[in-house]
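A.B. asks: Here the protein sequences line up with chains A and B, keeping their order. Start counting the first sequence at 1; every next residue gets the next number (this note's numbering). Start counting the second sequence at 1001; every next residue gets the next number (this note's numbering).
None of these hints come from the bench; they were simulated from the model. Since the structure is predicted, the reported quantities are computational estimates derived from the model, not experimental observations. Every residue, glycine too, gets a C-beta built ideally from N, C-alpha and C. Any given hint might turn out to be false.
Here's a subset of chain B near chain A, in silico, CB distances under 7 angstroms, partners left out [as the list claims (entries may be wrong)]:
id, residue
1, E1011
2, A1012
3, S1137
4, S1139
5, V1143
6, L1174
7, K1175
8, S1178
9, L1186
10, G1188
11, S1189
12, T1193
13, R1224
14, W1225
Chain A is faced by these chain B residues, among others (derived, beta-carbon under 7 angstroms) [as the list claims (entries may be wrong)]:
id, residue
15, P1003
16, E1097
17, V1176
2 protein chains.
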Amino acid sequence: MGPRWKGKGSEAKALADPMSEIVSQLQSSLIQLDSHGLLSGCSVLLGAETEQTDFLNRACFGRPIITTEKDKQWFQLGMEEAFYLCYSIKCLKIIGEDQCTKSNEELWNYMKSKEDTFPEYFKAYSHLRNKNWVVRSGSQYGVDFVAYRHHPALVHSEYAVLVLSGDGNANGRLKVWSDFQCTLRLCGSVAKTLLVLNVYRNNIGDVSPSCLEAYSVDERTITRWSPEQCREDQKTIENGAKK
Amino acid sequence: MGPRWKGKGSEAKALADPMSEIVSQLQSSLIQLDSHGLLSGCSVLLGAETEQTDFLNRACFGRPIITTEKDKQWFQLGMEEAFYLCYSIKCLKIIGEDQCTKSNEELWNYMKSKEDTFPEYFKAYSHLRNKNWVVRSGSQYGVDFVAYRHHPALVHSEYAVLVLSGDGNANGRLKVWSDFQCTLRLCGSVAKTLLVLNVYRNNIGDVSPSCLEAYSVDERTITRWSPEQCREDQKTIENGAKK
């Protein structure tokens, strides 16, 4: 299953305007204005000027929120998004409730305390973002993330992503057949491919974000096996799981 | 969400021909011919005469299988179906591989050995069958069973059924939000209501099928909460879970 572009010309538009460049532009713009986000529960709030608003929208970070402020557009960033901007591409500083800028270690510990599985989820999120996929919440489809080849205005999401912990401290998905069947059936009905990312900690622990470098990610797409597509006379045989 | 009948006249047909009576007729017919099924792995094979074939089809027990035999139609019964005919409505005897008729206790132990969760699944299956629901496998939708108000030729299945063990030795479904979201989204897209049957063993154990009488079943349907349907001026307020 390839990308499903939204209407004519979308593919050309996407090719002419690579996501990697959009993210670079966002990065430069955030650095230039010395941007600071405000930690608020499981979100980070970021007040953006016009230029940044445009880049945040185009790079698909955060959700714009409606306020009465005229000059600033506020964005609500999820934990993975905020930590990616802060730690991975180093263009955002984050201020805690004590008005102090948080160090990477402090943020890491804070986010872990909010969500046990944050290290795995962040590894998966950054793994896909580093490959220039646009990554958004998958809650609408009962998965952890959905991944788009480019901006959701141009293309439908291609992958429904489940993040599993390869070392066993898993989030509990896909352990029984009925869950598998349910997930595959749903992915089929919304024309997405199920992508399972197994994140292995490799006995490294999670005391600091530098542990992330040693984590590994195993990618598997899972599709239904269709006998009709697997006749001997066909050149390629697609099987249940492929890398 | 009510029943979705298949075409005109289906509801009238179903009303004129209650499922309870069809099952009674099947029961009489099987008793009259002293029917015996053959245990084979996780299935029971039953060779049926013309009259019984008709009743089995109308009551929706088993799947007809294609053989070269002209006089007999063979049916493959699932474990819950076979044990229901044998133990609950006492119209089928089951022969093991040793050519001996199995007692209820022997069958119970055999089926438990094939599937740990057999006691809970059977309790759920018989609970619905006793209320005259037609119960079939739900594997197509990633659930344990689907329940029909009458024969699948007349009506779409109304409930997607998940069987959970109330005492904790669960089958692992619905433990994380993403599984919940996935299951609810799928149920919505196929116009079924999610019915969760929690089966409680009540510290009774499972040494013999007579334990079943002491098990209890808690029924919950789960639907998405829609703010639009929950305004104050409405008479009934549907909430997340109702009995």
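A.B. asks: Next step is simple, just say for each hint if it's right about the structure.
C.D. replies: Results of checking the hints against the structure:
1. E1011: With Cβ-Cβ at 28 angstroms, over 7 angstroms, it is violated.
2. A1012: violated (32 angstroms)
3. S1137: violated (10 angstroms)
4. S1139: Where the cut-off is 7 angstroms and the nearest Cβ of chain A is about 6 angstroms from S1139 (chain B), the hint holds.
5. V1143: holds (6 angstroms)
6. L1174: Since chain A brings no Cβ nearer than about 9 angstroms to L1174 (chain B), farther than 7 angstroms, the hint is violated.
7. K1175: holds (5 angstroms)
8. S1178: Nearest chain A Cβ about 5 angstroms off; hint holds.
9. L1186: holds (5 angstroms)
10. G1188: Because about 10 angstroms separates G1188 (chain B) from the closest Cβ in chain A, which is outside the 7 angstroms limit, the hint is violated.
11. S1189: holds (6 angstroms)
12. T1193: Not OK, violated: T1193 (chain B) not within 7 angstroms of chain A, min 15 angstroms.
13. R1224: violated (11 angstroms)
14. W1225: Violated, about 15 angstroms.
15. P1003: Since the shortest Cβ distance to chain A is 22 angstroms, the answer is violated.
16. E1097: Since chain A brings no Cβ nearer than about 26 angstroms to E1097 (chain B), farther than 7 angstroms, the hint is violated.
17. V1176: holds (5 angstroms)
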